[in-house]
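Listed below are the residues making up each chain.
2 protein chains.
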Amino acid sequence: MNIGIDMMGGDFAPLEAVKGVKQYLLNNDFEGLHLVLFGDEGLLQPLLSRYEIPADKYKVVATTQVIDMHEHPTKALKEKTDSSIAVGFKYMAAGKIDAFISAGNTGAMMVGAMFSIRVVEGVLRPTISSVIPKQDGTTGLLLDVGLNADCKPEQLNQFAVMGAVFSKYIFGVDDPKVGLMNVGEEEGKGNILAQAAYPMLKANKAINFIGNVEGRDVFNHKADVMVCEGFTGNVVLKMAESIYDIAQSQHIDNPYLNRFNFEIYGGTPVLGVEKPVIIGHGISHDTAFSNMIDVAVRMLNTDVLGKVKEAIGNM
Amino acid sequence: MNIGIDMMGGDFAPLEAVKGVKQYLLNNDFEGLHLVLFGDEGLLQPLLSRYEIPADKYKVVATTQVIDMHEHPTKALKEKTDSSIAVGFKYMAAGKIDAFISAGNTGAMMVGAMFSIRVVEGVLRPTISSVIPKQDGTTGLLLDVGLNADCKPEQLNQFAVMGAVFSKYIFGVDDPKVGLMNVGEEEGKGNILAQAAYPMLKANKAINFIGNVEGRDVFNHKADVMVCEGFTGNVVLKMAESIYDIAQSQHIDNPYLNRFNFEIYGGTPVLGVEKPVIIGHGISHDTAFSNMIDVAVRMLNTDVLGKVKEAIGNM
Chain A
1 MNIGIDMMGG
11 DFAPLEAVKG
21 VKQYLLNNDF
31 EGLHLVLFGD
41 EGLLQPLLSR
51 YEIPADKYKV
61 VATTQVIDMH
71 EHPTKALKEK
81 TDSSIAVGFK
91 YMAAGKIDAF
101 ISAGNTGAMM
111 VGAMFSIRVV
121 EGVLRPTISS
131 VIPKQDGTTG
141 LLLDVGLNAD
151 CKPEQLNQFA
161 VMGAVFSKYI
171 FGVDDPKVGL
181 MNVGEEEGKG
191 NILAQAAYPM
201 LKANKAINFI
211 GNVEGRDVFN
221 HKADVMVCEG
231 FTGNVVLKMA
241 ESIYDIAQSQ
251 HIDNPYLNRF
261 NFEIYGGTPV
271 LGVEKPVIIG
281 HGISHDTAFS
291 NMIDVAVRML
301 NTDVLGKVKE
311 AIGNM
Chain B
1 MNIGIDMMGG
11 DFAPLEAVKG
21 VKQYLLNNDF
31 EGLHLVLFGD
41 EGLLQPLLSR
51 YEIPADKYKV
61 VATTQVIDMH
71 EHPTKALKEK
81 TDSSIAVGFK
91 YMAAGKIDAF
101 ISAGNTGAMM
111 VGAMFSIRVV
121 EGVLRPTISS
131 VIPKQDGTTG
141 LLLDVGLNAD
151 CKPEQLNQFA
161 VMGAVFSKYI
171 FGVDDPKVGL
181 MNVGEEEGKG
191 NILAQAAYPM
201 LKANKAINFI
211 GNVEGRDVFN
221 HKADVMVCEG
231 FTGNVVLKMA
241 ESIYDIAQSQ
251 HIDNPYLNRF
261 NFEIYGGTPV
271 LGVEKPVIIG
281 HGISHDTAFS
291 NMIDVAVRML
301 NTDVLGKVKE
311 AIGNM
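From first to last, the protein sequence lines stand for chains A and B. Following the working numbering, the numbering of the first sequence begins with 1 at its first residue and continues without gaps. Following the working numbering, the numbering of the second sequence begins with 1 at its first residue and continues without gaps.
Extracted from the complex, chain A is given alone in its bound form (with noise of 0.2 Å):
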């Protein structure tokens, strides 16, 4: 198993990205796993000593370009051949990594992920979820979170679908809930796409429908997986990381309100395409850096994506 990691990504890279590997290592005692390190070589090799990372773990892949934050994607793709989010695409459409993980710039694995691998044949679109601190204690998981601001119905349908194959396979929730995002609890009830997408979710024999979420459900147990467009969905999210800061700024130390943490998630997932690609908060840290290993080599051991085809070949 082939994962390859940006190490030039996010707002503490390499440092923190390094000791996140670190962290997994520690954590996880996995024979077959070989990480393939993407980066400055000159930055990457004190780190990788000082760190004192097993030489058998990894090889580095020599990068001297490093896709900023703010770049606009295609055109960064296009011009930094030799970044390393470039370089990262480049070993996974050859085959050479099996899952790319990465803390730049969002935009750039986007394009990345649909342009050098394949989408899920019958996918409509490629999804982003982030998973959702449940106050019962279980994980929900929202998609889309911000790849797709206009949807049709059709996606919404297929956001359900992959969600629940997701959800079941690495949270392991059995027979999850799917809820559509909504204004209100009766059917009806929304905008000209909540209402269209309701009847086509109720009829989708793949998921357990349950109805309608509103805003109020996001954090109970009413849904496993909630279904929305990604321009709420990004909301919903970008507000649900607020939570944490404030819980911090006001000095509230209380278990639950610390899930709100999303460091410890690691990072979303895309959905929808052949293999494993996961984008990270650009303030990543150590954690989360670990957390999306894990969260890689769990997708590769359950071949979640290959369940996510066969779900949406089966629609």
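Among the clues, some could well be false.
For identical chains, the list gives no copy identity; a pair is met inside one copy or between any two copies.
Straight-line alpha carbon distances no greater than 20 Å define the calculated EDC-like cross-link-like pairs of lysine to aspartate or glutamate that follow [stated by the list, open to error]:
no., residue 1, residue 2
1, LYS307, GLU263
2, LYS90, GLU41
3, LYS222, ASP56
4, LYS134, ASP245
5, LYS307, GLU121
6, LYS75, GLU186
7, LYS307, ASP56
8, LYS75, GLU31
9, LYS152, ASP136
10, LYS307, ASP253
11, LYS275, ASP150
12, LYS134, GLU241
13, LYS19, ASP253
14, LYS189, ASP150
15, LYS202, GLU52
16, LYS222, ASP245
17, LYS57, GLU31
18, LYS238, GLU185
19, LYS189, GLU71
No wet-lab data here; the hints were simulated from the structure.
Given the coordinates of chain A, assemble chain B onto it according to the supplied hints.
Frame of chain A; chain B shown alone:
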């Protein structure tokens, strides 16, 4: 100043409505105020006596019907002509009350507002807003929060103007900063609606447009007035409300999170109609009713709806 109150609206009516009247009158010594209470006289009179509401401050208009929370708004208003909401709007249309307050069926209140009193000339659609407690102690405004699930960019531009006027005259914010709710900071980000609304807001001389705000900015002080369509706004509002419930259930007693108790804001006024109509939450208690009266009084005293009309006329 005659303020009408639907005493039968809300989960705890009429008791909490009567207690709310009591609370308002205890804390405010406003000579010119007269309350017109719509509801079941047999239920109301004993409560009004028990809570010693001064007889010169109110009159009861006896009604025999109640529109339940889940009734179809238009149908209910048409059929239940002697309901507290229907009679209230009749009084409003006849000029016998200057403002109308209810914690009852939101849809019926909206339909009543739009068909009994005039929509301000030039307003495409009225809107409802919500107070958002900001971390720095100031009071933000979010609109639309559910009346207009699908919007045109021109509507967002009008919401911005109406919200800015409300923020200025009711919250006392000088030159309120107006932000467009979006998925990124830069111009050009967003769904089709947000992309189209941005240049209109930028060109709008009547407001102090500061650009996009994101989910993470809902509770910070980047913008005083945050504009979006009613789908996203409704999800944001209900999520914000749930933060208070979470704090309660987690036994977190924090001054900032306590401001998420939406009871203290009383209700949401309809903007874009000619007279104050204030809609409260179904779970409104005495404080919410007292605050709804307070908002109605302030709206009348500042003639905020006249200012809205003026601002829309100048667009």
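Identical-chain pair category, LYS307 with ASP56, by Cα at 20 Å: Classified as neither: same-chain Cα gap 32 Å, cross-chain 72 Å, threshold 20 Å.
Homomeric proximity label, LYS238 with GLU185: Cα distance no greater than 20 Å: So LYS238 and GLU185 pass the 20 Å test across copies only (13 Å; inside, 24 Å).
Copy assignment of LYS307 with GLU263, given that the CA separation must stay at most 20 Å: neither (27 Å within a copy, 47 Å between copies)
Within, between, both or neither, where LYS57 and GLU31 count as close if Cα-Cα is 20 Å or less: Classified as within; 9 Å inside a copy, 81 Å across copies.
Alpha-carbon proximity between LYS90 and GLU41, which holds within one copy, between copies, both or neither at 20 Å: within (18 Å within a copy, 78 Å between copies)
Alpha-carbon proximity between LYS189 and GLU71, which holds within one copy, between copies, both or neither at 20 Å: between (40 Å within a copy, 14 Å between copies)
Intra- versus inter-subunit Cα pairing at 20 Å for LYS189 with ASP150: both (19 Å within a copy, 12 Å between copies)
Homo-oligomer pair classification [ASP253, LYS19; C-alpha up to 20 Å]: Answer is neither; intra-copy 25 Å and inter-copy 36 Å both fail.
Identical-chain pair category, LYS307 with GLU121, by Cα at 20 Å: Cα proximity of LYS307 and GLU121: one copy only (13 Å, versus 56 Å across).
Intra- versus inter-subunit Cα pairing at 20 Å for LYS134 with GLU241: both (14 Å within a copy, 16 Å between copies)
Up to 20 Å CA-CA - ASP245 versus LYS222, copy category: Between copies only: 15 Å across chains, 25 Å inside a chain, cut-off 20 Å.
Within, between, both or neither, where LYS307 and ASP253 count as close if Cα-Cα is 20 Å or less: Neither: 39 Å inside a chain and 45 Å across chains, both beyond 20 Å.
This entry does not satisfy hints 1, 3, 7, 8, 9, 10, 11, 13 and 15, going by the numbered hints stated previously.
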